[in-house]
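Colleague: Listed below are the residues making up each chain.
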Amino acid sequence: MDEKFDAIIVGAGLAGSAAAYRLAQAGLEVVLVERGPYPGSKSLSGGVLYGRVLSELIPNFWDEAPVERFINNQVITFMTGEASFSVDFKTQAFSAPPYNGFSVLRARFDRWLGEKAEEAGAMLVPGIRVDHLLREDGRIVGIVAGDEEMRADVVIAADGANAFLAQEAGLRERIPPAHIAVGVKELIGLPRETVEERFRLTGNEGTAYAIVGFATRGVSGGGFLYTNLESVSVGVVMHLDDLIRHNLKPGDILEDFLAHPLIAPLIRGGRLLEYGAHLVPEAGLQGMPRLVTDGFLVVGDAAGLTVNNGLVVRGMDLAIGSGIAAAEAVLAAKEKGDFSAQGLSVYPQKLEASFVMQDMRTYANAPHFMENPRLYAAYPQLATTLMAQLFAQTSQPKAHILPTLLKAVKESKISLLDLALDGWKGVRTL
Amino acid sequence: MNRLGIPEKLALDKYELDEGNPHIVVNNEICRRLCKERACLFVCPAGVYTEQNGEIIPEWAACLECGTCQVACPHEALSWVYPRGGFGIIYRYG
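Those sequence lines, one after another, are chains A and B.
Going by the working numbering, the first residue of the first sequence is number 1, and it counts up by one from there.
Going by the working numbering, the first residue of the second sequence is number 431, and it counts up by one from there.
It should be emphasised that the hints constitute simulated quantities derived from the structure, not laboratory data.
None of the values given here were measured: they were computed from a predicted structure.
Be a bit skeptical, because a hint or two may be false.
As the list claims (entries may be wrong) - Below 25 angstroms or equal to it, Euclidean Cα-Cα: the simulated BS3-like pairs (lysine-lysine) are: (1) B:K444 / A:K334; (2) A:K398 / A:K4; (3) A:K410 / A:K425; (4) A:K425 / B:K444; (5) A:K249 / A:K4; (6) A:K398 / A:K413.
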């Protein structure tokens with residue numbers, strides 16, 4: 001292959017396919033290289049697709065895309081081994097176009113977006129693993145796959161959380177365990193009516209749970225559960241450094257979570273359809289690499305673009321936003337004929353101007369906040385103890401809520417100062 | 431639900447096996463000399479790594495390609511790349 005393309009995009013996940021779609025739409029010759037046999041075959045998600053940004057690229061995408069359910073019910077749960085305390089929010093405001101978020105199955109959804117990029121004119125090449133970047137005179141000029149070389153003005157690395165290409169390009173160091181989390185997930189099949197009855201859903205409504213505490217056996221991270229049309233996606237995500245400290249196996253943590261009295265009845269009678277695992281960048285702003293070098297840009301998970309503030313876990317929307325910004329930067333660079341780091345600096349500028357970097361900055365303190373071990377043990381215990389004392393009726397006289405609260409705090413061994421500081425930090429983080 | 435073990439769960443997944451082409455190679459020399467943590471033995475969601483007669487053995491065909499092991503390994507004793515194009519785990523749902 002000695003033909004030269006305008007752009008080579010490595011990885012047909014959401015970031016890569018969004019970039020390919022935008023560039024192909026503008027008439028550029030784009031190759032979208034995917035190591036799996038089809039886009040999405042290596043993708044796994046434990047979250048909700050907040051799809052507003054995608055509708056900028058493909059208006060009313062939900063009419064044609066294989067989305068599962070629109071999420072109009074979000075539940076935040078504190079969990080201990082025997083109890084759970086939830087905040088359950090449901091609104092019809094999220095139930096109509098343009099919707100707020102969707103549950104998706106990535107092997108289907110990414111395949112659809114990859115095919116959209118192909119329809120727009122991108123050349124989708126599945127089943128090819130990119131081994132290395134091709135360099136000439138210090139700048140990146142293409143890729144190497146096996147004994148084939150492929151050249152382009154620019155390479156967009158959309159190769160996911162392991163970010164091997166950004167490391168090879170010298171934009172980031174080896175990823176430290178403190179910057180990443182491991183997620184494990186089961187997809188559990190249930191009849192559609194069962195999903196709808198169990199989760200009190202009408203039509204294509206869907207529920208998403210975020211669960212902290214016992215879900216991860218006290219390891220920093222959290223559990224998740226969301227409803228698909230005829231299945232439930234349920235799993236846990238643990239910060240890798242803390243998982244190593246606790247000496248626990250992801251599979252064992254997941255098993256305990258699935259057996260918890262809150263979760264077990266939700267998946268009862270279901271059939272395991274798929275078990276998967278994936279890394280999640282968790283370092284926020286601090287974990288981000290430099291985004292461009294000569295002839296090269298990084299997008300999506302490879303660029304560390306995720307937000308987790310405890311209430312909402314995001315990544316797919318940031319991936320799509322970064323793919324669009326990278327594509328627009330490549331178009332600007334092509335206009336000037338300058339694909340150097342300087343010429344591509346439009347990408348970080350566009351990202352800064354968009355919700356992507358603005359949200360990364362707004363939630364810059366979130367990773368630090370989420371490292372607080374009290375979130376995963378002491379606070380779930382406190383919340384459920386307090387609830388138990390409020391609801392329990394015994395032959396002993398009841399106390400008012402304030403002394404009950406103070407007693408529960410005292411028993412939890414959390415100092416009032418820590419409680420106040422954590423509360424303040426929590427409010428500031430959100 | 432009767433809970434399954436990791437091998438039974440993996441048996442439900444779809445893989446395209448690249449026979450004879452391991453994508454994970456363990457440098458046991460490094461493991462023996464430097465490693466006390468043995469993080470690979472427990473962090474891997476697919477239970478790929480076991481210790482047999484003092485050697486770390488990767489059952490690479492079961493790999494879910496998440497990369498947890500190579501980030502967790504404190505001694506860079508793993509040569510870990512993605513399987514060749516078209517091979518390895520193939521998520522049908524994701």
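Colleague: Taking the hints in turn, state whether each one holds.
Modeller: Hints, one by one, checked against the model:
With a C-alpha separation of about 41 angstroms, the suggested pair K444 (chain B) and K334 (chain A) falls outside the 25 angstroms cut-off, and the hint is violated. For the hint pairing K398 (chain A) with K4 (chain A), the CA-to-CA distance comes to about 78 angstroms; that exceeds 25 angstroms, so the pair is violated. The suggested pairing of K410 (chain A) with K425 (chain A) holds, with an alpha-carbon distance near 21 angstroms, which does not exceed 25 angstroms. Restraint check: the Cα-Cα separation between K425 (chain A) and K444 (chain B) comes to about 44 angstroms, which exceeds 25 angstroms; the hinted pair is violated.
As the CA atoms of K249 (chain A) and K4 (chain A) are separated by approximately 47 angstroms, the hinted pair breaks the 25 angstroms bound. Our distance criterion of 25 angstroms between C-alpha atoms is met by K398 (chain A) and K413 (chain A), whose separation comes to about 22 angstroms.
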